[in-house]
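Each chain is listed here by its residues.
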Amino acid sequence: MFSLFRRRSQHKPGRSLWRTALWGLPIVALLGLAAYLVYLDKTIRDQFEGRRWALPAYVYARSLELFPGARLSADALEKELRLLAYQPLNGALRPGAYQRRGDTVRVFTRPFTYWDGKEPAADIELHFNGGDLAVLTAVKDGRSLDLARLDPVVIGRIYPAHHEDRVLVKLEQVPGLLRDGLQAVEDKHFYRHWGVDPLAVLRALWANLREGEVVQGGSTLTQQLVKNIFLTNERTLARKLNEALMAVLLDADYTKEEILEAYCNEIYLGQDAQRAIHGFGLASEFYFGQPLADLQPHQIALLIGLVKGPSYYDPRRHPQRALARRNVVLAVMAEAGLLTAEQTARARKQPLDVAARPAGVSNYPAFLDLVRRQLSSDYREEDLRSEGLRIFTTFDPLVQAAAEQAVSRRVAALEKQRRYKPGSLEGAVVVTNASGGEVLAAVGGRDPRFAGFNRVLDAERQVGSLVKPAVYLTALERPAKYTLVTPLDDTPLEIKGPRGKLWRPQNYDKQFHGTVPLHMALAQSYNVPTVRLGIDVGIERVLETLRQLGIERKIDPYPAMLLGAMSLTPFEVTQMYQTIANGGFHTPLRAIREVVSVQGTPLQRYSLQLDQAVDAASIYLLTTAMQEVVTEGTAQGLLSRLPVGLTVAGKTGTTDDLRDSWFAGFSGDRVAVAWVGRDDNASAGFTGASGAMQVWGDLFAALETSPLALETPAGVAWVWIDPATGLLSQADCEGARQWPFSTGSAPTESAPCGLGAEDPIQRSVDWLKGLFE
Amino acid sequence: MSLMSKIKTRLIPYGMIVLLLAGCGVLPPAAVRKPPASPAPLIKPEPTPPRPAETAPHSPPAMEPVPDVPPAITAPLPPPADTTVQPIPSPVVPAPRAPAVVALLDSAGRQEQGGQLESAAATLERALRVAPRNATVWYRLARVRLAQGQWQAAANLAAKSNSLAGTDPDLRRLNWTLIAKARDRLGDKAGARAARGQAAAQ
Chain C
203 MFSLFRRRSQ HKPGRSLWRT ALWGLPIVAL LGLAAYLVYL DKTIRDQFEG RRWALPAYVY
263 ARSLELFPGA RLSADALEKE LRLLAYQPLN GALRPGAYQR RGDTVRVFTR PFTYWDGKEP
323 AADIELHFNG GDLAVLTAVK DGRSLDLARL DPVVIGRIYP AHHEDRVLVK LEQVPGLLRD
383 GLQAVEDKHF YRHWGVDPLA VLRALWANLR EGEVVQGGST LTQQLVKNIF LTNERTLARK
443 LNEALMAVLL DADYTKEEIL EAYCNEIYLG QDAQRAIHGF GLASEFYFGQ PLADLQPHQI
503 ALLIGLVKGP SYYDPRRHPQ RALARRNVVL AVMAEAGLLT AEQTARARKQ PLDVAARPAG
563 VSNYPAFLDL VRRQLSSDYR EEDLRSEGLR IFTTFDPLVQ AAAEQAVSRR VAALEKQRRY
623 KPGSLEGAVV VTNASGGEVL AAVGGRDPRF AGFNRVLDAE RQVGSLVKPA VYLTALERPA
683 KYTLVTPLDD TPLEIKGPRG KLWRPQNYDK QFHGTVPLHM ALAQSYNVPT VRLGIDVGIE
743 RVLETLRQLG IERKIDPYPA MLLGAMSLTP FEVTQMYQTI ANGGFHTPLR AIREVVSVQG
803 TPLQRYSLQL DQAVDAASIY LLTTAMQEVV TEGTAQGLLS RLPVGLTVAG KTGTTDDLRD
863 SWFAGFSGDR VAVAWVGRDD NASAGFTGAS GAMQVWGDLF AALETSPLAL ETPAGVAWVW
923 IDPATGLLSQ ADCEGARQWP FSTGSAPTES APCGLGAEDP IQRSVDWLKG LFE
Chain X
3 MSLMSKIKTR LIPYGMIVLL LAGCGVLPPA AVRKPPASPA PLIKPEPTPP RPAETAPHSP
63 PAMEPVPDVP PAITAPLPPP ADTTVQPIPS PVVPAPRAPA VVALLDSAGR QEQGGQLESA
123 AATLERALRV APRNATVWYR LARVRLAQGQ WQAAANLAAK SNSLAGTDPD LRRLNWTLIA
183 KARDRLGDKA GARAARGQAA AQ
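Respectively, the protein sequence lines represent chains C and X.
For our numbering, count along the first sequence from 1 and bump the result up by 202.
For our numbering, count along the second sequence from 1 and bump the result up by 2.
No lab work stands behind these hints, which were simulated from the structure alone.
All C-beta atoms, glycine included, are put in the ideal place defined by N, C-alpha and C.
It is possible that part of the hints are untrue.
Just the calculated beta-carbon pair ranges, DEER-fashion [as the list claims (entries may be wrong)]: (1) C:Leu841 / X:Arg175: 39 to 45 angstroms; (2) C:Asp348 / X:Ala192: 42 to 48 angstroms; (3) C:Arg651 / X:Ala202: 55 to 61 angstroms; (4) C:Gly333 / X:Asp108: 23 to 29 angstroms.
Turn these sequences into a full structure, and let the hints steer you where they fit.
Written out as structure tokens, the structure reads:
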């Protein structure tokens with residue numbers, strides 16, 4: 203355009219102008235080129251320095267604590283080690299490897315940076331005694347250790363919107379063999395050239411001309427980096443020229459080390475559905491399930507080989523090609539003196555060693571969903587997705603495995619038992635630790651990998667009798683009026699409902715039992731005495747108790763709520779039972795412990811918070827009755843499923859037409875809530891005991907957990923009671939049993955045996971009178 | 003790396019670039035993407051916990067004497083022998099003197115001494131995961147919260163410690179004293195007096 207214009211206008215102007223143009227053109231062109239170079243240089247530096255890779259947030263499980271006395275079996279440890287991709291090895295160990303002989307396991311842990319600092323790698327030996335870790339020693343000097351921990355399992359990632367993913371590595375974290383091997387294969391003169399390598403280009407040109415097609419590339423690592431960062435994939439002369447210019451400029455502006463480090467994090471090495479695999483750190487995880495530092499020569503060689511064509515040499519799709527390519531790389535490494543002949547021979551014999559393709563975003567979608575929701579109150583979605591946050595959670599993969607198995611297997615078995623259409627029955631489970639409110643596991647459905655409807659958080663279901671502990675607790679908080687042995691009236695009852703409609707609550711067995719002591723009414727889950735009790739203490743007071751236990755949802759104050767006519771999610775129910783299990787201390791359920799920035803700076807800690815919501819004495823009495831639910835009440839069937847000596851407390855829940863089956867309960871250190879039902883809210887046909895309790899039982903039979911062993915709190919005393927009369931008795935009286943009472947609330951009159959001399963008939967008459975006054 | 007220091011490379015013979023054009027070989031398909039967006043500001047609120055220099059003094063912490071691990075034993079009545087299964091108070095297991103707990107208490111003590119209070123709290127929470135029913139650990143966490151000025155949290159944690167302390171008079175006294183201090187700071191004079199009364203009664 204420029205020259206045409208000049209040509210057309212050349213008739214008019216004089217000679218001097220023509221000459222100016224003649225000399226001026228090259229000058230203008232040079233100036234233009236210089237300006238372009240300056241522009242390009244600025245672009246490069248802006249991009250390179252301002253470069254912030256969008257890094258996904260990493261979500262970690264808790265790290266497994268190893269200490270003498272820990273409840274942990276060798277099998278459980280090995281399960282954890284496998285999740286962490288530790289390699290079982292014979293002979294010498296390295297970080298990330300272990301060795302097991304029966305009840306003795308030797309582990310060389312990986313170094314890891316926690317919220318509270320770095321923990322170096324440690325070579326340790328563990329001796330197990332059945333379900334306990336008995337001895338923990340350092341291999342180096344045989345010294346016994348107090349405590350060690352394993353690096354935590356990555357349980358999920360929160361990806362940037364465009365599915366970019368990286369495991370950033372620093373140059374010093376890159377194995378020497380990888381750095382040197384990469385140069386030997388891709389760019390022999392990396393440390394000598396200026397960003398482009400004319401000799402390599404000539405060689406490639408010659409080879410290509412000889413073959414009549416493109417067989418060899420002359421691109422330096424710098425050019426490859428430029429191509430990955432700045433340019434598109436179009437193969438035009440202009441692009442090639444630009445790429446070379448930029449490589450030269452990049453080389454001018456940065457050190458070789460900076461360029462190499464960027465290369466190691468940027469190079470494209472594969473594709474996982476929508477997710478592009480960039481950089482050796484991520485590729486190591488993607489192909490081998492191991493951190494880069496753990497890789498062996500044959501694995502390193504495969505990664506280097508992939509640079510040439512990640513799709514063409516994809517070791518999962520084209521294992522033959524990949525193997526051949528890897529061996530070519532090994533040969534180049536040997537030639538360059540990077541491997542001895544012996545090392546090379548050994549590496550060549552190795553299989554590809556590629557791990558199974560990793561599951562989608564997370565194996566634990568229900569728990570990850572909870573993490574995201576808890577984070578969303580403090581972090582913006584885009585920061586979660588791109589700032590490379592490291593999120594340390596409370597998740598326990600071993601508990602989760604037990605919970606998943608309990609749900610999947612039991613729900614399938616229940617379905618089969620009733621000959622339901624496969625897939626029609628669903629279930630959910632939440633597990634927490636009793637004292638800290640930490641969520642250990644969450645199963646959102648019978649297919650725990652399916653990231654669909656998360657029943658833990660989103661299934662709002664009628665809770666039925668699960669609400670009853672709140673009614674009885676409200677009563678027990680008035681020891682002057684109610685004790686565990688207070689007789690309750692279980693005879694027909696009519697109540698005017700909110701719209702003047704008469705309501706006649708029924709017991710599940712459609713019977714009335716006359717007079718029943720309070721503890722038995724809860725243990726047998728009788729509806730009628732519960733409604734009477736609730737109305738007597740006041741529905742508003744019961745709602746207040748629910749709030750104290752941690753239920754934040756607004757509930758209508760209708761009498762039917764006393765029998766659980768309200769919808770809650772399994773997570774909300776867990777919060778309620780957590781407070782009971784924790785001795786009346788309310789602790790908000792937490793899924794996150796700490797958040798650390800990509801540089802390792804602690805950003806935020808979600809600390810243990812608690813407040814005393816209910817007094818310890820009342821909770822203690824309630825818990826005693828909830829233990830009776832299991833030993834003699836509606837959950838008796840649980841006893842035979844649990845290991846001998848594992849005492850637990852809990853409550854069954856069943857709703858109208860058997861739509862929902864619930865069980866909520868706790869041992870000494872674990873709280874869990876199980877739900878079974880149908881998504882369409884049709885009748886599932888199970889009571890709390892025949893459905894959810896079975897799931898709960900399977901779970902607790904598999905868990906490492908300690909029995910419920912409560913301390914009698916101050917202000918509570920155990921007193922011998924005659925069950926027939928509810929009056930004082932003595933240890934040697936027939937049938938006498940002990941019950942805990944808040945100070946001053948125990949009966950003062952004695953039953954005949956307990957008193958000895960008094961007229962037994964008169965005592966019974968007195969008692970009967972007392973009942974109906 | 004400054005631009006100036008690399009001026010020499012501006013004299014690169016650009017002519018050789020032409021040679022590159024023939025050398026297009028097999029290259030990995032570059033991911034096609036746009037230059038990265040301008041750096042997003044990190045984290046909305048940034049309540050970074052105080053992290054003073056990581057110089058924990060190695061001198062043993064000189065702190066008020068705390069019973070190592072309280073033998074939290076109350077004496078519930080033994081279960082009746084004749085009845086079948088009964089929900090009775092299980093005998094309270096004394097908190098194990100796990101070396102892990104002792105080690106964590108020591109390291110929390112050092113962090114406390116070094117003024118790294120939030121780190122100490124994290125260490126104590128770790129100890130609670132190892133031994134959740136150890137009343138001493140709960141007390142130590144209460145003490146850290148008190149030092150951080152988190153009065154309500156401190157009082158709550160001391161109450162939790164008391165609920166597990168059984169009949170250990172020393173630990174109960176420490177807890178009630180701490181609760182009294184916390185209530186003072188919360189402006190609850192009557193509550194503080196009551197707590198002091200409890201402390202004296204132990």
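Do the hints match the structure? See the list:
no. : hint                                    : in the structure
1   : C:Leu841 / X:Arg175: 39 to 45 angstroms : 41 angstroms, holds
2   : C:Asp348 / X:Ala192: 42 to 48 angstroms : 44 angstroms, holds
3   : C:Arg651 / X:Ala202: 55 to 61 angstroms : 59 angstroms, holds
4   : C:Gly333 / X:Asp108: 23 to 29 angstroms : 28 angstroms, holds
Checked against the numbered hints above, the structure breaks none of them.
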